Each structure stands twice: as structure tokens, then as C-alpha cells.
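Asks: Going down the list, the protein sequences come from chains H and Y.
The end of the first sequence is residue 1131 by our numbering, with every number in the run present.
The end of the second sequence is residue 338 by our numbering, with every number in the run present.
Just so you know, these hints were derived from the structure itself, not from any lab.
Take these hints with a grain of salt, some might be off.
[Said to hold, decoys possible] Result set (BS3-like, lysine-lysine): computed pairs, CA atoms no more than 27 Å apart in a straight line: (1) Y:215 with H:1127; (2) Y:161 with Y:110; (3) H:890 with Y:161; (4) Y:158 with H:890; (5) Y:215 with H:1128.
Remember, it's a predicted structure, so these values are computed and weren't measured experimentally.
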Amino acid sequence: MNIHEYQGKEILKKYNVKIGEGIYADTPEGAVEAAKKLSETTGTKVWIVKAQIHAGGRGKGKVIGTEVRGVMVAKTLDEVREKSKALLGGTLVTIQTGEQGKVVNKLLIAADVYYPGETQPKELYVSILLDRGTGQNVIIASTEGGMDIEEVAHSTPEKITKEFIDPLIGFQGFQARKIAFGLGLTGPAFKDFVVFITNLYKAYIGADASMIEINPVLKTSDGQILAVDAKISLDDNALYRHPDLAAYRDITEEDPLEVEAGENNLNYVKLDGNVGCMVNGAGLAMATMDVIKLSGGEPANFLDVGGGANAKTVEAGFRIILKDPNVKAILINIFGGIVRCDRVANGVVEAYKAIGDIKVPIIVRLQGTNAEEGAKIINESGLKVSSAVLLKDAAALVKKVIG
Amino acid sequence: MSVLVNKNSKIIVQGFTGTEGTFHAQQMIEYGTNVVGGVTPGKGGSTHLDRPVFNTVEDAVKKAGADVSIIFVPPAFAADAIQEAADAGIKVIICITEGIPVMDMIATKKYVKSKGVTLIGPNCPGVMTPGGAKVGIMPAFIFKPGRIGIVSKSGTLTYEAVDQITKAGLGQSTAIGIGGDPIIGTSTKEAVEMLMNDPETDGIIMIGEIGGGMEAEAARWIKEHGTKPVVGFIAGQTAPKGRRMGHAGAIVGGADDTAAAKMKIMEECGIFVVQSPADLGETMVKALKK
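Hey, can you work out the whole structure from these sequences and the hints?
Replies: Structure representation (C-alpha cells):
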């Protein structure tokens, strides 16, 4: 589960990870109040207005039809108000949102941490995530803060330090020092960083995160280390033991059809194609999408109905797929193991009748337990549904209907 | 002789008396699998499905000589169940449970490796040696004893492959569902290696999906050590970057873990890669003739 920057910073604060202070706001007046309060607590005279959406690249992104950026500096309270007003309700397009962008409903008003001082502020990069190859967590750090880390890894791999964490002993002091030395830190900043990274790892473990990316980590002009941004993803499987973090879910950031599918215990991902599909099992669902593509179509979705493909789940699946206007045909592919194909077939017929007027052709491929009986039920239903037993035949039918 | 499980395996079911455990244990027993008992803490001493129930895996090992365990314990307790089995001296642990937190699996995997235990899964359909033992949730009737080994991250896609192999007139030595989580006990390469070393396996079907680098690792190993034809497929050629496709591990992160990148490496390593999952069976028949 992805969460907002301001929520991520709340988690960091709980684990004593130093952050650039900020206050949440969702109205222009709330933003001004937040800015005033920040001045009282931090003494800042400059504020950063930051759009809160589940996507990166906000600083370079623009609100559609304007020159308004997703992250802006405000030097007066009036500017805080104006810039907040310009962002709220606007649709922000960044390199990660796609063309359609994301509507901005929430803001973070942050204190400026790039103030002048003895040294130049310096941006660094730190992330913690699972390394699937070794089955261990890894900390990745780089002197190139503010940059895309994949780009840095590609062009200047020597600027990246990696530290793997043995789960049996956890993250150790020598590793924290190694990373700090690798970033070229000295003096108070070195000490501050060791504390920073140690606590950041505690936050990662404590929150059952699947990724924490702090880009940039800032060494301020007076040698402090703090998180300017916070991108955190949480492990969905572990949310049951963190009800406080589960409450961070923001469904306005999710596709409404995906939310509806989730409520029906369906695993659905919306895609851009023209052939919808409904499958039991994630692997077979992905493979079915591939079959659609090989037959000349484009998959409109991923949809795993799981182990219990019955009339209710099939109907919910139909309704969700049919809400996508791009769908020109639907392929149902069920491999009946425990679930019997004749039952699934009856479920399809029932669901079809319950919905009534389905305009797009439907292909049902049932294989496994009682496959022949299933095909017979479909064929004798009198509905505009064609059936197949072999995957190959289903592919040919897809080709025919979208021809 | 197949791999991992056979008719002599002494199998226990952890989470024996739960709904899932009961249903699938029943099916396993009906297939003729040698289920010697089960474990449900607090119900030790009772009998379920005509088999003894034990409080601990340790008891099951001591009293019933168990050497293989299959786990149907809910996700919050599954990592603990795996650790208990490894601690008790079980040598092959098959964990069906889906939804175990990643942090739990990181430590658990390290622990079972340190014990020299083979863990299959989690989030997998189990292991099937047709005619010998069904230790999983696969539908038994699609299998037929034979000489093709199958390794797959997915459940129903495994059934698809099994079905095609059976319909092609071949049969299976052992089918191993390794699981779709980001952290699994046995990698694609390790499972392929078992089948490559099995004298009763003549060919291998290797089914992967987007995410991670396991298929590439297996492909490179096959290039070096392969002695039998391998037919491969990667699901998710049309999956977009950054979106999780059902399985917790099925997500494209970078350029190396796309289906296209994996299929390319597999082809370069001499694997017969099919573009469509509908061609797995036929391609194996052809590959065996070469």
C-alpha cells in the first residue's frame, strides 16, 4: 500500500528520524494557518507548498492547463494562500502519473530547510527495500540526491553504496558508519547520519514497510541530516498488525473500479486494452492477457476471481469489466480444479441473465473438472456466449470476435 | 523415483483440523498419499480423518516418524509453523498459505536454510508426484504418471501445463509449485536442478512470471549444466510496469524482470520458449524428439 509524504513523515517522526518539519492542509486558509504555526515552531520565513499525491516527480510536474508546479516555494503568507489555491482541485501531471494526472486534494506545507549557513546544503539519497535475489533487506545510499536512482545506478554506479542486512543480527553500527563514510560525511553530519540511518531502518522494520525512499536526504548548511521527502510503501500482508497504518489508505488515489473489485474480493487491475478477461489464479490471468495480445487484441484488465468462481463473483466481475467503455469482448478462462466447471457455467449464465443486456461478445473457456458439462450448459443457454475447452480454441475465438 | 515426495513419504498436515486443512487432507488421503497425522495445537491426542492429531510437530516426528509437512495455517501464524517444522527435523516443508508478511519470511527463509531444510512455497499449490503422493491442492485427475517434471510459480497455470502434458500422451514425474511470493523457500533454479538430477525425468517445463530474477538464474544454470530439454514460458508479457499482478511477487520493477527480458535470456540459454501458454504440451513433444 502506498501512502502520502505527510503520512510517511509521521511514521518517521515516531521513530525519531529527523525530518523537515511540515503541517498537513487541505484548504488555502488551512495552508496559511499551517505556515504561521511552522514559523512559530521553526522560525522559518519561507515555506514550501507540496502537493500530496501517490506519485513522484511532483517538483517538475504541472497542473493541467497552467504553469503551476506540484512543489513551490512561497515567501509570504499571501503566496502560500495563492499557491495552495492554485494547486488544490487541480490535476497534476508528472512523469509517474500518466497523461490523465492526479487530482490534488491534500497539501503539505513544509518549512524551508535550504537556508544559507556555514556550508552549502547538500542533497543525498537513501532507500531501504527488499533485495529479492538474496532474500534480504538492503540499504542503498548515494551522494547524488534529488536524482533518479536508476539513472545514477546506470551511469555512475560507483556513486552508490549498498549494505545488505542479515535478518538474524539486524542492522549494525559498523554498517551505518560504512554508509556514512561512503557518502563522504565528516564531523557532526557524520554522527547525525549514523543516528538517522539507524532510526530509518527501525522505522522500516517497525512499520513492516516494503520500501522507504528518502530523496533527498539533506545535509543542511549547519550540518544536520534530515528527510526532505518520504516515499513509503507498506506490506499489504502485514497491515493486519498495524491498524494505525492501515488507516492511512486513501481510496481517492485508487482507481474506483479497483476499489469496487476489492470490495467483492476480486483482484482487478485496470489496463488500457479492448478485451476484458476474468480468470481464476494470478498466473493464469497474466497468461490469459498474453493470449489476448497474441490473438490480436489488447487486454483491458487483469482480473483474478480466486478459488471461488461462482455466480456472485462472476456477476461482480462482469459488472466491473463492463464499466470500462473500451471493452469490445470478454474472455472468461477458468481452470476448474476444486471448483467444478458446470457450476461455473451455471454461474456465468445466471450472472449474464441478472445483468440483462450485455452488448459485447463473451467467450467462456472452461477446462478441468466437468469441462464438457460446462461447455454444454453454455452452448444450450441460448445466450450470446461462445465456449471453448482448449486454450488454443479460446484464442482463436478471441481473434474471430475482434477480427 | 521423482523428487521431494513419493509414496514412502510420511506426511503430516499443519493446520490439520481447520477448514482448508481438512478439505485438502481428505483429498490427499483419497489419492492414496501417506498422511500419517496432523498438528493442531491444543487438539493433541484426538483423531481427525482417522489420523492422529498432535500438539506439536516434534510429537508428530517422534510418534509418527513424519518427514514431510504441508502447512495450511493462516498467514499470521504460518511463519511460526514453518519454523516449528524445521526445528522438529522435518526435511521437506510445503507451505500453501498465501499472505505471509515479507519480514516474517526473510528471517524464516534464513532459518530453514541454516537447518538444511527444503521449503517449498509459501503461496504455492504444493508438490505432486502422480501415482505416489499429492502434497498440495492440485486437482489430481489431470495428472498421469510419466517422465516430465514441471516447475511453476503459479497454481492454475501449472494445471494448464499438467493438462497439456497429459493430453499430449506424456505424463509427469513431479510437479513443483514453487510459489508466487517475493520470498520463497526454493528458487526456480533449485527446483529445476532437482528435476535435472532425477533419473526418472526426461524433460522439464519451467513456468515463470514477471518480477525478480529467478528464471534468468535458472536459465544460466541450465545452459551450464542442462542435460534434458526444457520448455519455458513467462506469464505477464502484457503487464504494465509497477503494477502488482495478483501475486505479491509479480511486479515489474526494472528492465531485467519483464517477461520479454526473461524470455530472451531463456532462449539464449537453449530453452524452448513458447510465446503462448497454449503451446506448452506440443512444444515438449517436439523438444523430446530433437
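Asks: Can you confirm whether the C-alpha distance between residue 161 of chain Y and residue 110 of chain Y stays at or below 27 Å?
Replies: The given pair, whose Cα atoms are some 22 Å apart, holds under the 27 Å limit.
Asks: Holds or violated: are the alpha carbons of residue 158 of chain Y and residue 890 of chain H at most 27 Å from each other?
Replies: Holds, because 20 Å separates the two Cα atoms, which is no more than 27 Å.
Asks: Hinted pair, alpha-carbon criterion (27 Å max): residue 890 of chain H, residue 161 of chain Y. Please report holds or violated.
Replies: holds (24 Å)
Asks: Does the structure keep residue 215 of chain Y and residue 1127 of chain H at a Cα separation of 27 Å or less?
Replies: Roughly 24 Å separates the two Cα atoms, so the pair holds.
Asks: Mind checking the alpha carbons of residue 215 of chain Y and residue 1128 of chain H for me, to see if they're no more than 27 Å apart?
Replies: holds (25 Å)
Of the numbered hints given earlier, the model fails none.
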